[in-house]
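Protein sequences appear in the order of chains R and S. Here the working numbering is used: the first residue of the first sequence is 14, the next is one more, and so on. Here the working numbering is used: the first residue of the second sequence is 388, the next is one more, and so on.
If you are wondering where the hints come from, they were derived from the structure by calculation, not from laboratory data. It should be emphasised that the depicted structure is a prediction, and the values quoted were computed from it without experimental measurement. Glycine residues also receive a C-beta, built at the ideal position from the N, C-alpha and C atoms. A hint or two may mislead.
[Claimed, not checked] Here are the simulated DSSO-like cross-link-like pairs (lysine-lysine), alpha carbons at most 27 Å apart as the crow flies: (1) S:Lys415 x R:Lys219; (2) R:Lys218 x S:Lys682; (3) R:Lys339 x S:Lys607; (4) S:Lys414 x R:Lys360; (5) R:Lys150 x R:Lys195; (6) R:Lys175 x R:Lys195; (7) R:Lys339 x S:Lys682; (8) S:Lys450 x R:Lys360; (9) S:Lys414 x R:Lys339; (10) R:Lys334 x S:Lys414; (11) R:Lys218 x S:Lys611; (12) R:Lys339 x R:Lys229.
[What the hints assert, rightly or not] Derived contacts from chain R toward chain S, CB cut-off under 8 Å, selection only: (13) Asn222; (14) Lys336; (15) Ala353; (16) Lys360; (17) Lys361.
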Amino acid sequence: MADETTGTPVSGSILVVGGGISGITTALEAAEVGYEVFIVEKNPYLGGRVAQLNKYFPKLCPPTCGLEINFQRIKNNKNVKHFTLTEIENISGGPGNYDVTLKETPRYVNGNCTCCGKCAEACDVEIPNDFNFGMDKRKAAYLPHEMAFPQRYVLDASIIGKDAANKCREACEYNAIDLDMKAKTFNLKVASIVWATGWNPYDAKKMDNLRFGWIKNVITNMMMERLAAINGPTGGKIVRPSDGKAVSSIAFVQCAGSRDENHLPYCSYVCCLASLKQTTYIREQYPKAKVTIFYIDLRTPGRYEKFYKKVKADANVFFVKGKVAKIEEDPVTRDVLVTAENTLSGKKVQGRFDMVVLATGMEPSTATVKVPGNAKYDENNFVISGDILSTGCVKKPSDVMTSGQTATGTALKAIQTLVRR
Amino acid sequence: MAEGNLIKPDLEFVKRIRNSPGGESLKKCYQCATCSVVCNVTPEDKPFPRKEMLHAQWGLKEKLFANPDIWLCNQCSDCTAYCPRGAKPGEVLGAVRKLSIEHYAFPSIMGKMVGDPKYLWFLLAVPVVIFLVVLGYMGHIGIPDGEIIYAEKFVPVPAIDAIFISAALFAALGFFAGVTRYWRDLKSGVEISTNKWQKKVKGPLPIIIINTIVAFMTHKRFRKCEVTRDRADAHLFVFLGFAGLAITTTWAIVYLYGMHLESPYPWNDPMKILGSISALSLLYGIVQIITNRKKNAETAGAGGYFDWLFIMTILTIVVTGILSYALRLADIAVLAYPVYFIHLVIVFFLFAYAPFSKMAHMVYRTTALVFAKYSGREDKKYN
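Hey, can you work out the whole structure from these sequences and the hints?
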């Protein structure tokens, strides 16, 4: 398997850090014109944030659609090698001559795995499911998600050395569980590096007036994606987290942390469309549900304006121009009370909703984990293409379509680094 | 489109706000209305300060001035803390209030001079010259010998009375003219509630005025502030200090003209004790105000010349007042008389210029609060 490749490859290759839609695209575009590419991903699977979505723009496809074709391209191209559960420890050298130190953490499951699931059945330890933003639990022996690539189980490090891990090994009929796997460090010599580590949802707990984390029926937009997804914690049913009740009224709070000097000063670009998209999820499931979107300005660039008009035509969807700055809970019903000033009427309005979705924005992953090498950042920690190139949401907030386009451009830039010397 | 209103922006006024301390950030506002929601003292119908920010950006001076809302704001700075743009609505409204005091100033030249540091020396020179003339006329220039008696050996009581009564009359006239015009503008600018039930509950204007003052005594509104919650107590100490000193002054007048008792009075005289406690309350309050301002400068703004002139006036009055007393007891004439002279000058400064300085907030804010009750502005609930 490609992710078990070790040793030093020939120089003149490209290292792509981050195996989301941007990283995969850059890697494949370069590989398919003949260059050797390595994809490094810290998660046990490729696909990044897109894999967590229910549907994505522009055509509202499920992520299986776009990712699967890319995984096929990876499988069929010997120029692409990928490492999961791997992070970059150090970068030395410069363009044309990088020496990169990588660290791979053990998966404890080898290539024999057939995804039969016997280890998970045998495992009696449950851990919070990060893939679903902690809304449910999963076994400590797990397949990250149904369409995970590579299709292979993972053992959570927390059970190693404990009885649970032995039970998993004993249950495996294929000798696929190897509890002796150790973390390993290895080096790659590459000519060009593309940073594509994407984004994290901005921590909604930091907006203390929006009460996320205190009020159970206040969720984030990424949690809504998981709630709506067929492989999510509720099997795709959009219900209240507090009591599993069907939803009849729901509010979206736009710019929850974005365009805000106290949080993310920039516009995260995707949140308006994400809320409009999620409105369609709700309206498809609940023909009578009412949706209210509180906004400062609705930003639906380019052709997306059409999508906005389509959603706006729905008589059960309401728009209130005014930012939500206060959220409270009715302690009896667990309903959520939302206060804003409707700036068009000049009245303070308070709405009662079953559930509230915070349209939280994108924080570049480099806000928390920096590039362990010579990278340039803007004032918001986005990586500016320098000697180390950047692409996707770690470069600027983007939707999937824009990420695909810029990733293709970045592939060309990476190739230029190789060819110009 | 339906009939629109033709807005006539007063660009000069916009410039004046932006050039006032606290008003610089005005144009950063993008009208998201976070401020109106996080504010704990704003009414629910047409809440401030979001609409004030818009009116200020458009230079709609009349809409800002002919409205009680700029004075219903206590500048808690909750809005400023949560403002996503750093537009600092609390500070902008502070700047607008300063311009409002200037706008209603009578004579209007006084409004401009008190608000502008250029004229500080001139404004100080007025009482200095007045008191020097009195001292010269009395032949009291220089440090008198023997036991320190301010009234007998320095500025005699009739002169003090004549000067301060004139200053007070000048201030009263200024306040009367300003408030009359403000009240007229308020009545023309806002629709008065015709809710009879509410009028019955609120009662006639004198009752509303009394209710407003009683409500003020508890500082209930002020205590709704979150970011600067410590300000209410500090303000209350300053207010009680002033109130105590006003009572002390009246009491002293009774001693002097009613009972013909000459000053100085012994320290344990009840009038003297009230005066001393009031002075300490004032000192404590004003020092707290300064400390709070320094502490909250990051979130609530450092304040400008207009704020600090007022704070420093009070601080100087209370410090020189206490020192005059202490130096007299310590019998250090060479310091006592000059300090007392400074005290008289600054007290004059505070009184005579009150309608044009930040001291005027006392009268304009009370007027706005009364009007808010009177017009039903206070009571509107969620629609």
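Consistency of the hints with the structure:
Of the pairs offered as hints, the one joining S:Lys415 and R:Lys219 holds, with about 23 Å between alpha carbons and a cut-off of 27 Å not exceeded. Note on R:Lys218 and S:Lys682: the hinted pairing holds, with a Cα-Cα distance of about 26 Å set against a maximum of 27 Å. Taking the CA atoms of R:Lys339 and S:Lys607, the gap is near 22 Å; set against the 27 Å cutoff, the hint holds. Straight-line distance between C-alpha atoms of S:Lys414 and R:Lys360 comes to about 23 Å, which keeps the hinted pair within the 27 Å bound.
For the suggested pair R:Lys150 and R:Lys195, the alpha carbons sit about 26 Å apart, so the restraint of at most 27 Å is met. Pair hint R:Lys175 plus R:Lys195 holds up; C-alpha atoms about 16 Å apart against a cutoff of 27 Å. Taking the CA atoms of R:Lys339 and S:Lys682, the gap is about 26 Å. The hint holds against a cut of 27 Å. Among the hinted pairs, S:Lys450 with R:Lys360 is consistent with the structure: their alpha-carbon atoms are about 17 Å apart, no more than 27 Å.
The hinted pair formed by S:Lys414 and R:Lys339 meets the criterion: a straight-line CA distance of about 24 Å does not exceed 27 Å. The suggested pairing of R:Lys334 with S:Lys414 holds, with an alpha-carbon distance near 20 Å, which does not exceed 27 Å. Annotation: proposed proximity of R:Lys218 to S:Lys611 holds, straight-line Cα distance about 24 Å (limit 27 Å). For the hint pairing R:Lys339 with R:Lys229, the CA-to-CA distance comes to about 15 Å; that is within 27 Å, so the pair holds.
Satisfaction of the interface hint for R:Asn222 is found here, the shortest Cβ-Cβ separation to chain S being roughly 7 Å, below the 8 Å cut-off. Annotation: R:Lys336 was flagged as interfacial toward chain S, and the flag holds, the nearest CB pair being 4 Å apart, inside 8 Å. Evaluation of the R:Ala353 hint against chain S yields a held restraint, the C-beta minimum of about 6 Å falling below 8 Å. Checking R:Lys360 against chain S by beta carbon gives a least distance of about 5 Å; that is within 8 Å, so the hint holds.
A cut of 8 Å between beta carbons decides the hint on R:Lys361: the least distance to chain S is about 4 Å, and the hint holds.
Violated hints for the displayed structure: none, as all numbered hints are satisfied.
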